[in-house]
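Peer 1: So for the sequence shown, our numbering puts the first residue at 11; every next one is plus one.
Hints may be right or wrong, so weigh each one.
What the hints assert, rightly or not - Now the in silico label distances, taken between C-beta atoms and shown as ranges: (1) E92 <-> L37: 26 to 32 Å; (2) P90 <-> D56: 30 to 36 Å; (3) G54 <-> P90: 27 to 33 Å; (4) S89 <-> A42: 15 to 21 Å.
None of these hints come from the bench; they were simulated from the model.
Since the structure is predicted, the reported quantities are computational estimates derived from the model, not experimental observations.
Using N, Cα and C, we set each Cβ at its ideal position, and we do this for glycine too.
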Amino acid sequence: MTGAGRWAACSPAPTTTRSSGRPTLPLCVEAARRGEQVTLINHGADPVTITVRGTDLLAHTDVGEIVLRPDGFAFVRLSPPEESP
Numbered sequence: 011m012t013g014a015g016r017w018a019a020c021s022p023a024p025t026t027t028r029s030s031g032r033p034t035l036p037l038c039v040e041a042a043r044r045g046e047q048v049t050l051i052n053h054g055a056d057p058v059t060i061t062v063r064g065t066d067l068l069a070h071t072d073v074g075e076i077v078l079r080p081d082g083f084a085f086v087r088l089s090p091p092e093e094s095p
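Model the full structure from these sequences, guided by the hints.
Peer 2: Encoded structure:
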């Protein structure tokens with residue numbers, strides 16, 4: 011994968027890394043961000059759960075995580091980051 015809007019990591023756990031602030035994604039998941047919107051695509055053979063806070067733009071619902079079926083995709087408008095004290 012190449013391009014500034016895509017990233018992947020070796021860890022299958024969808025957590026946020028401290029250094030980049032970007033989610034750590036399974037290798038089979040492609041993510042592209044444009045402004046406040048992110049596109050997630052599961053290229054794998056198994057369902058994956060991704061932790062992402064925002065609005066699912068297809069279902070019009072607030073989400074904290076998205077389950078992507080094999081070859082599934084999602085469009086999410088990200089929630090603003092919470093301010094730390």
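Peer 1: None of the hints should be skipped; say for each whether it holds.
Peer 2: Here's how the hints hold up against the structure:
1. E92 <-> L37: 26 to 32 Å: 28 Å, holds
2. P90 <-> D56: 30 to 36 Å: For D56 against P90, whose Cβ atoms are near 32 Å apart, the range 30 to 36 Å holds.
3. G54 <-> P90: 27 to 33 Å: 30 Å, holds
4. S89 <-> A42: 15 to 21 Å: This hint holds: roughly 18 Å between Cβ atoms.
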